[in-house]
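*Asks:* Sequence:
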Amino acid sequence: MKPTMNAMLISLSRRIALLAAVASMPCITGGCGPAEKEKEPVVSVQTTPAQRGLISQIISADAIVYPLEQATVAPKISSTIRKFYVQRGARVKKGQLLAELENRDLSAAAESSKGEFEQAEANYATTVGSTLPQQIQKAELDAIAAKSAFDAQQKVYNSRKELFQQGAIPRRDLDAAEVAFLQARSQNEQAQKQLADLQRLGKEQTLRSAQGSRLLAEGHMRGAEAQLSYSRITSPIDGVVTDRPLFEGDLAAANQPLLTVMNTFRLIAKAHIPQSEAAVLKAGNPAELKIPGLDEPIKGRVSLVSPALDPGSTTIEVWVEASKPDPALKPGMSVALSMTAKTVKDAIVVPAAAVFKNSEGADYVLLAGSDEKAHQKTVQLGIRNSDLAQIAGGINPGDPVITTGGYAVPDGTHIKIEKPAAEEKEAFGKDEKDAGKAEKDDKAGKPGNSAKPNNAIEKAPPAKKTPVKGKE
Numbered sequence: 135m136k137p138t139m140n141a142m143l144i145s146l147s148r149r150i151a152l153l154a155a156v157a158s159m160p161c162i163t164g165g166c167g168p169a170e171k172e173k174e175p176v177v178s179v180q181t182t183p184a185q186r187g188l189i190s191q192i193i194s195a196d197a198i199v200y201p202l203e204q205a206t207v208a209p210k211i212s213s214t215i216r217k218f219y220v221q222r223g224a225r226v227k228k229g230q231l232l233a234e235l236e237n238r239d240l241s242a243a244a245e246s247s248k249g250e251f252e253q254a255e256a257n258y259a260t261t262v263g264s265t266l267p268q269q270i271q272k273a274e275l276d277a278i279a280a281k282s283a284f285d286a287q288q289k290v291y292n293s294r295k296e297l298f299q300q301g302a303i304p305r306r307d308l309d310a311a312e313v314a315f316l317q318a319r320s321q322n323e324q325a326q327k328q329l330a331d332l333q334r335l336g337k338e339q340t341l342r343s344a345q346g347s348r349l350l351a352e353g354h355m356r357g358a359e360a361q362l363s364y365s366r367i368t369s370p371i372d373g374v375v376t377d378r379p380l381f382e383g384d385l386a387a388a389n390q391p392l393l394t395v396m397n398t399f400r401l402i403a404k405a406h407i408p409q410s411e412a413a414v415l416k417a418g419n420p421a422e423l424k425i426p427g428l429d430e431p432i433k434g435r436v437s438l439v440s441p442a443l444d445p446g447s448t449t450i451e452v453w454v455e456a457s458k459p460d461p462a463l464k465p466g467m468s469v470a471l472s473m474t475a476k477t478v479k480d481a482i483v484v485p486a487a488a489v490f491k492n493s494e495g496a497d498y499v500l501l502a503g504s505d506e507k508a509h510q511k512t513v514q515l516g517i518r519n520s521d522l523a524q525i526a527g528g529i530n531p532g533d534p535v536i537t538t539g540g541y542a543v544p545d546g547t548h549i550k551i552e553k554p555a556a557e558e559k560e561a562f563g564k565d566e567k568d569a570g571k572a573e574k575d576d577k578a579g580k581p582g583n584s585a586k587p588n589n590a591i592e593k594a595p596p597a598k599k600t601p602v603k604g605k606e
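Taking my numbering, the leading residue of the sequence shown gets 135, the next gets one more, and so forth.
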């Protein structure tokens, strides 16, 4: 039993010694003082003061350039092309002759119809000036003669009636006089009616008949002249010939494109933008057209905001017209539009990247406090564009707004304000310039520079790295 007990005591003593050694190791390596308190993190940020200035609401969109006026010229008849008077790229005026089709058959038809019209016009003049007056004159003479004969027979009848009543003549003489009187009265009424009809209706119908023949011939003539005119292709607008697919001798089919004329002096860019952005735009707003590859944009203005929504894309079409013709702007180009919807002159503005949204959806900015902490300030936004945001309420001009490093930074976080990279670059450029000047003065042997080194900018020693906690 004793050897076993001794072995157990020896093993227990070894374990205690080992545990003591392990427990003493932190004291040896890191010291056995009280645990150091964990330092609060510090966030490096950059700030800029809120300023008063001008801000504009800019609406940007991609657009395609179109001519404001364009005409695809197509003939109304099918015929062979006799001659072209313009080439592609030629500038033309409205009404200028562009091409001519074969038209000898149409020309002959026009001459024939013109002769028919002249003949009908002569017949009309003869009817009005000679035939109709003669007919009326004859009818008047016939009416006068019939009236005289009627009056004479009436007197004879009246006298014989008196004699018959006195018993001076037989009954047959009275009957013969009565028959003659009735015949004369009938002829008189017929002559008077014919005269009246000729004066009232005959004259009108005769003139209408002659006028109808004249108009019919004139219509044939005008139709033939119109067919002839269709063989002469003229420009409907002022512009430039941009397309001419056929050549002389080719067959020009009716209603098929023969030439295309565009007015390149007035160009518009068409864009489709969302409803929310189109709601603040109106005709007359200033705009710019940016052409890829060109530094200077082309000035323009909004000329049309469509009154209807495009059902296919649920967007609204907007036209921007270039203020002046520019050789670099051509139909079919893709351009970038920048349209100024509205402008506020005296507004509190901060960089757009300095505005954030909290969990409740409210807008806020971070201000750098004098206690070296970041403080959230809820703000009301006004106009906002890609660079700046208008603060309608919540901060004052001059407040230091955190512009870099503030994303997801909690309220009250310790901060360290750094100099903006642009200022560091500017300072570095200034130091380099001063160094070059010093080196030049040293080479020139100017007094007071002999003790200066050649390199005025000395390399700063590398910053000592702060050990990361938990790593040795």
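Note that these hints are calculated values from the structure, not bench results.
Among the clues, some could well be false.
To be verified - Below are the EDC-like pairs computed for lysine to aspartate or glutamate, each with C-alpha atoms no more than 20 Å apart in a straight line:
(1) K458 to D429
(2) K458 to D372
(3) K416 to D377
(4) K424 to D377
(5) K281 to E255
(6) K210 to D377
(7) K491 to D545
(8) K550 to D533
(9) K464 to E203
(10) K476 to D429
(11) K424 to D521
(12) K295 to D285
(13) K248 to E359
(14) K464 to D521
(15) K479 to D521
*Asks:* Each of the hints needs a verdict: does it hold here or not?
*Replies:* Cross-check of the supplied hints:
no.: 1; hint: K458 to D429; in the structure: holds (17 Å)
no.: 2; hint: K458 to D372; in the structure: holds (17 Å)
no.: 3; hint: K416 to D377; in the structure: violated (35 Å)
no.: 4; hint: K424 to D377; in the structure: violated (27 Å)
no.: 5; hint: K281 to E255; in the structure: violated (38 Å)
no.: 6; hint: K210 to D377; in the structure: holds (19 Å)
no.: 7; hint: K491 to D545; in the structure: holds (13 Å)
no.: 8; hint: K550 to D533; in the structure: holds (17 Å)
no.: 9; hint: K464 to E203; in the structure: holds (13 Å)
no.: 10; hint: K476 to D429; in the structure: violated (25 Å)
no.: 11; hint: K424 to D521; in the structure: holds (18 Å)
no.: 12; hint: K295 to D285; in the structure: holds (15 Å)
no.: 13; hint: K248 to E359; in the structure: holds (9 Å)
no.: 14; hint: K464 to D521; in the structure: violated (30 Å)
no.: 15; hint: K479 to D521; in the structure: holds (16 Å)
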